[in-house]
Amino acid sequence: MIASMRRVIAQPWLYSFVGAALVWIAAVTYTGGYGAGGMLSAGIALAAFSVIVGTAQMFVITLGPGNVDLSLPANMGLASAVAMKVMGGCDALVLVGLVAAIASGTTIGIANYLLIRLLRIPPIIATLSASFVVQSIGISYGRGLQVKPPPGFATATTVQIAGVSVMAVVVVVFSVGIGLLLHRTTFGRSVAAIGQNARAARLANIPVERIRALTYALGGALGGLCGALLAGYFQGSSLDIGNEYLLTSIAVVVIGGTSVAGGRANVTGLWGASLFLVMLLTMLNTYGVSAGVRLLVTGLVIIAVIVTAGGPRIAR
Amino acid sequence: MSVSVVSSTKPGGAGVLRVRRTLRAVLPALSLILILLAIWHLNARAISYFGLNLMLNLAVPVALATVGQMFVMASNDLDLSIGTFVGFIGCITATVLHDSPVLGIAIFAGCIVVYALLGALIYLRNLPSIVVTLGMFFVWQGLAILVLPKPGGHAPDWLKALMSLKTPYVPFPVMAAVVIGVVAYVGLMRTSYGAVLRGAGGNAVAVERAGWSMLKVKMILFGLAGFCGVLAGMALIGLTTSADANLGNGYTLLSIAGAILGGGEFTGGRVSPIGSVIGALTLTLAGSLLNFMHISPDWQVAAQGGILIVVLAARVLINRAGSAA
Numbered sequence: 015m016i017a018s019m020r021r022v023i024a025q026p027w028l029y030s031f032v033g034a035a036l037v038w039i040a041a042v043t044y045t046g047g048y049g050a051g052g053m054l055s056a057g058i059a060l061a062a063f064s065v066i067v068g069t070a071q072m073f074v075i076t077l078g079p080g081n082v083d084l085s086l087p088a089n090m091g092l093a094s095a096v097a098m099k100v101m102g103g104c105d106a107l108v109l110v111g112l113v114a115a116i117a118s119g120t121t122i123g124i125a126n127y128l129l130i131r132l133l134r135i136p137p138i139i140a141t142l143s144a145s146f147v148v149q150s151i152g153i154s155y156g157r158g159l160q161v162k163p164p165p166g167f168a169t170a171t172t173v174q175i176a177g178v179s180v181m182a183v184v185v186v187v188f189s190v191g192i193g194l195l196l197h198r199t200t201f202g203r204s205v206a207a208i209g210q211n212a213r214a215a216r217l218a219n220i221p222v223e224r225i226r227a228l229t230y231a232l233g234g235a236l237g238g239l240c241g242a243l244l245a246g247y248f249q250g251s252s253l254d255i256g257n258e259y260l261l262t263s264i265a266v267v268v269i270g271g272t273s274v275a276g277g278r279a280n281v282t283g284l285w286g287a288s289l290f291l292v293m294l295l296t297m298l299n300t301y302g303v304s305a306g307v308r309l310l311v312t313g314l315v316i317i318a319v320i321v322t323a324g325g326p327r328i329a330r
Numbered sequence: 153m154s155v156s157v158v159s160s161t162k163p164g165g166a167g168v169l170r171v172r173r174t175l176r177a178v179l180p181a182l183s184l185i186l187i188l189l190a191i192w193h194l195n196a197r198a199i200s201y202f203g204l205n206l207m208l209n210l211a212v213p214v215a216l217a218t219v220g221q222m223f224v225m226a227s228n229d230l231d232l233s234i235g236t237f238v239g240f241i242g243c244i245t246a247t248v249l250h251d252s253p254v255l256g257i258a259i260f261a262g263c264i265v266v267y268a269l270l271g272a273l274i275y276l277r278n279l280p281s282i283v284v285t286l287g288m289f290f291v292w293q294g295l296a297i298l299v300l301p302k303p304g305g306h307a308p309d310w311l312k313a314l315m316s317l318k319t320p321y322v323p324f325p326v327m328a329a330v331v332i333g334v335v336a337y338v339g340l341m342r343t344s345y346g347a348v349l350r351g352a353g354g355n356a357v358a359v360e361r362a363g364w365s366m367l368k369v370k371m372i373l374f375g376l377a378g379f380c381g382v383l384a385g386m387a388l389i390g391l392t393t394s395a396d397a398n399l400g401n402g403y404t405l406l407s408i409a410g411a412i413l414g415g416g417e418f419t420g421g422r423v424s425p426i427g428s429v430i431g432a433l434t435l436t437l438a439g440s441l442l443n444f445m446h447i448s449p450d451w452q453v454a455a456q457g458g459i460l461i462v463v464l465a466a467r468v469l470i471n472r473a474g475s476a477a
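Protein chains in written order, with the numbering used here: chain A, 15 to 330; chain B, 153 to 477.
Each hint should be verified, as a subset may be incorrect.
To be verified - Here are the simulated distance ranges between beta carbons:
#1 E258/A to K312/B: 26 to 36 Å
#2 S365/B to T45/A: 50 to 60 Å
#3 H193/B to T199/A: 50 to 60 Å
#4 A106/A to V178/B: 57 to 67 Å
#5 L28/A to L317/B: 52 to 62 Å
#6 T199/A to V331/B: 55 to 65 Å
Said to hold, decoys possible - Covered stretches of chain A, going by a simulated chain B footprint (3 or more residues, C-beta under 8 Å):
#7 135–142
#8 264–273
#9 309–322
Hints were generated in silico from the structure; no laboratory data involved.
Note that the Cβ used here is the ideal one computed from N, Cα and C, for glycine as well.
Generate the whole structure from the sequences, applying the supplied hints.
What follows is the structure, given as C-alpha cells:
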C-alpha cells in the first residue's frame, strides 16, 4: 500500500491531469453542462502549442541547473514573420515556409549555444542578450507586416474532425516521438546524464558540448516551428505572438514534473500541465472574472505547485 | 575558480590577480565613458546639464530596479517578477498614494513584507527562485490590472516635483544615481553585516556555521529588493505622471542585464552596487546613442543586447589574459 502510494507521489505529472480534469468539471458545472465538449476541444487545440514550446524548454532545462532559454518568445515572433513572408499567402509554399521558420529558430538556438560556449556566460544571460538582438531583427524585418497565412495552412492548424483538433493529434504523435527520443536514444539519455552530473557525463565519454549544442539547436527549432504554427492558428504573424509563452513554457515544464535542477524530463507531464493551464483560463473565463484575477490565480497556482512539489535537492 | 587560486600562490600571482580585479571593476565605467564619448562626438551639445537631464531621466527607476535585482543576485537567486512589481507599485503610487498617502505607504510596507516572506519561502523549501518569482510575475501583474484596469491616475505632486528637481550644476538624475550607488555600496560592501549578506551567495554553509541565520539573510536580501522595487515604481511614476499596468514589464530583463553589465555574476554572491548603477546608466544611454546615430529605435533592444555581449566578451578576455600570465 505504502509502496503504491509512493509510486503515485513519484509521478507528479499525474496531478496535472487530475487538476485539468477537476478544473474542466468546475467550469462545466458552472455552465450547467453547456459547451462542455467545445471547451475541451478548444482547450486541447490551444494546449498543443504550449506542448511544443514546453518541449523546447524541457530539453534545455534538463541540461542542468541554470539552463533555460529566454529567447523563445523573440524566436517565435521572428519565425512567425519569416514563415508568413516566405509562404506569401500561397498554399504551395507552406512547406518551404515551415522549413524557413525552423531554420530561423535553429540559427537562434545555435547562436545561443555559441554565446554560452565562447563567452562562458550563464545560459540565462546568453539567451537574454540573444533575445534582445532577435527582437530587434524581428521588428525591423516584419515592420507593419500583417501577412495572412495561406488558406490551406490556416485551415490545417485550426480544423477539427468530430471535435478533435487535427493539429493536437499531430502534436500527440510528436510527443510520443519526443518521448522515444528522450528515453530510448543516445541523444536523449545523454541530455539527462549531463543534467544529472556534467562532470560524470564527460568522464563517461559523452560528447557533452556537442549534445549541449544540439539541445539548444533543437529548442530553437521547436520554437521556430511553433511560431509558424501559431501564425496559422491566429490568422497572421505578429512579433509578440510568443510573448506569453516565455512564462508558460517554464510553467508547463515545472508543473509537468520535469526537474528544475535538470537531469529528469517528463513528456507526458507537459500535456497534463498545458491542459491544466488552458483549462484554468477557460474556467476563469466562463466565470467571467477580469484579466487581473486571471493573472493573479495563474501566478498563485504556479507558486502553489512548486511549493507542494518541493524544491530540487541541488539548488540552482 | 581553481585557476585563480593557483595563480595567486605563484610569486607575483597576487599582483596579476589585483590587475585583473581592477580591470574587471573599471570595465562597467569604461563602457559608460565610451558611450558618453560617442554621444559627445555625435552631438557635443547633448553632454550638457539639460541634455544629460533629458537622456538620463529614465535611468533613475532603472538604476533602482537594477540595485534591487542585485540584492537578490547576491544570494544566487534571480527575481523575474521585479518588472511587474515596479508596474504594480506604479499603479498604487498613481492611485492610492495620491488619494490617501497613509494607506499607500501601508501597502508599500506590505509589499516589502511579501518580498521578505518570498525569500523565507525560497530558503525554507529550497525552491528554485526562478519559478517562484515567475509566479509572482503573474501575481503582481494581475494586481496591477485590478488596481488600474485602464491607463490613468495621477502622480502625487511632491513626487513630480522631486523627479523634476533642478539641482545646481549637476543634473538630478546624475546626483540620484550617485546617491543610490554610494548608499548601496556602503551598506553592502563596507558594513560587517553587508559582508554576511554577500556571504550568503559565496558560501551559505560557512555563513550558517559562523552562527548567522541564513533565513534572516535571505529575508533581508529579498526585503531590500522589494524596497528598491518600491522606490523604482515611485520614481517611474514621478517621471511619467500617470500609470499603466504594463509600464514596468521591461524592467525584469533590464535589471538583470544592468546588474550583469555592472560586474555581477550568478554564482558566488559576486555583485557590485556601483557597477550595477553604471550598468543601468549605460543601458539607458544606449537608446540615446542610437537616436544621435539616426538609427531607428527598432534597434534599441538589439543595442542593449549587443552591449551586454561585448562587455561579457571583454570580461572573458580579461579573465583569460589573467590566467595565462
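Can you list which hints this structure breaks, lowest number first? No hint contradicted; all consistent.
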